[in-house]
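Spelled out from the first residue to the last, the chains are:
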Amino acid sequence: MNWEQDVAGESPELEQALKHFKSSVDAWSDAAYSRPRTAAKLVVRHSRRMVAGWALGCVVVMGSLAGAVGVVVHRQEMARIAAQKAAEQRAAAAQGTTQPASVQPVSAQSDKKTPAATDRKVGVGAQDSARSQDEDLLASVDSDVSRQVPTAMEPLAQLMDDNGTQ
Amino acid sequence: MRGRGASTKVMAAGTALEPLSADSAEDIAAQEFARIVESHRPQIFRFLLASLRDVDLAETLTQECFLKAHRNWSHFRGDSSAMTWLMRIAINLQKDHWRNRRMQFWRQTRTNAVDLDEASEWLPNGERSAEQQMLAKEQVAQVWQAVKGLSERQRTVFLLRYVEERELSEIAAVTGLSEGTVKAHLSRALGRVRAELRGTR
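First to last, the sequence lines map onto chains A and B. All residue numbers for the first sequence refer to the working numbering, where the first residue is -3 and numbers rise by one. All residue numbers for the second sequence refer to the working numbering, where the first residue is 11 and numbers rise by one.
These are computed hints drawn from the structure, not numbers from a lab. Heads up, a few of these hints could be off.
[Claimed, not checked] Capping the alpha-carbon separation at 25 Å, the derived lysine-lysine pairs in BS3-like fashion look like this:
id	chain 1	residue 1	chain 2	residue 2
1	B	Lys147	A	Lys15
2	A	Lys15	B	Lys78
3	B	Lys105	B	Lys147
[Said to hold, decoys possible] With the Cβ distance kept under 7 Å, some of the chain B side facing chain A (calculated, not the full set):
id	residue
4	Phe55
5	Leu59
6	Val65
7	Trp83
8	Leu133
9	Gln143
10	Ala146
11	Val150
12	Ala151
13	Val153
14	Tyr172
15	Val173
Heads up, the beta-carbon is just placed ideally off N, CA and C, and yes, glycines get one too.
Chain B on its own, in the form it takes in the complex (with noise of 0.2 Å):
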């Protein structure tokens, strides 16, 4: 992988004195994807892992996703921002994926998702007491309980706002559905959420 510094010059050459050879912008645009890994892929990663609570799969799921990626990136317009149209692929791919496990549960599409208790241990060691420490994981293992009985819509929508902190038209764009629809899902997440919490789901 080349560096920043060499894209610039290779575009500076392009632009100023020479058009650009078929090579030269090959290599612009091989640089340009490399730089949008590097950038978006941990949040893609998060995503899915959180979507899926499975680390093998999420790490899978984003190699196929970049992959995806890198074969359609010459079709990238720009329309979009380069992190909606990758959250985008990443949600086809988890789609698939679940409709796989679905429809056809013979393949070895195993599932190695940890449970709720495992994944609620998570906590950055902030300067917190015990016992905040303990309020806060079992607030998690609430909102992970509620995440779980979700749809996969209503979770996808949810973790888009509230982990990946997306604002609502990219979520929009990202799920393909409308504002007002993601704000219903939104409001019902919330629901089920507030429910848990209360411990009256």
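Chain A with its partners taken away, still in its complex shape (with noise of 0.2 Å):
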């Protein structure tokens, strides 16, 4: 069965537009078939957007292991002066410890007239000062810290008095 016999009976308008649609069809087909073929072009388009494309794909992944890396060697560099910080306020504590004894015999020597005994004793009364002035300061902070803790079944019976008084 033709194809015209499909729209027979229906407005000429509508055949007339399929058989335009048809013959359009056919001259678009056959100048693009008979064109000249452009597939070395083809090939040089293709492949250029391919180095592209892989020149695109080197540069970001370059990007993100240098920022990676740039993150890695900043968290390092943090590390490395925070230890050093905290290494020289280790040195600075122990040193603030030890100064009363180092600094004994220098106010000793300051004073020529006293005797050696008498600056030894000054050394251990200073020292024995010094470490009772440091226990005295934990047991402020201690007391100031710290709050009595009940005992595990205390809040228990507490409500249970509760409801017994109620």
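Hints are included, so try docking the two chains, each in its own frame, into the full complex.
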């Protein structure tokens, strides 16, 4: 059955439009089919596109790698600085605790009139006073920071008491 | 590529004088295939071009179609005509292409499809006045617009019927649909074209 019979009895406009459509597709197809092929150009264009894609991909990968390496190096540097500071603080603290003992001879040297035994006594006394000051300080910190912890069953017992009274 | 004369000579030698050797059978098959490529290639290209509106893609898929046909030529038993067989391969390739574009949008399946106005520019230079040419172009553009709005299957059926001028039974064989379904698709497609021509889409 011819396709024209499909639209027989319908508007002539439809039939005409379908005919025009067919002839248009035929003309386009004939022209495209007989045109000179540009395979070489296409290959070049495709390879260029591929090269550009690879280059872009490489740049992105290198950038992200460089960023990651930078972050790692930065962290290592920060850790090194922190460790250095901590070491310095420790050294300063150690120096601080030993200072009274080390300072004492200097004060003793300044006072050349006092005898050596007295100097030793004064040094021991200073160490003791420093130690007792530290202990006092620690005790006061403990009393400030700590608070009485209830025993394990105390809240429950308290609750029971409350219920009982109610 | 050898001519048809050589083919008939080999055939004659094979049938009348001595049994065909494997080489001469292959020669015959190759010549037969070359003849089919020569005769059917423009139609396959035209169908793919109308379906895709992309000259480069239509050429590529036409090449792939005949490459696939060449690989499977030994399995072609001639149950259907060569044209039907080739058209079925072309339709499957086209389906694969659309599927790839939908599912794997990052792949390089960029389309160079021309817009409808450009596609409508093509008209044979008949003995028509400028006014008739304008009218014809307008009608072609409207049909393209309707075709664009069709589903993939409707478009295939429509193009096979109204561009390739295939019989309903052949369209049914190519698409794997029943004749009734083909008629239904055609009816819907024609309805769209009618609506577009009336301007009441």
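Check your understanding: Are there hints from earlier that the structure breaks, and if so, what are their numbers?
Key -> Violated hints: 2, 3, 7, 9 and 12; rest satisfied.
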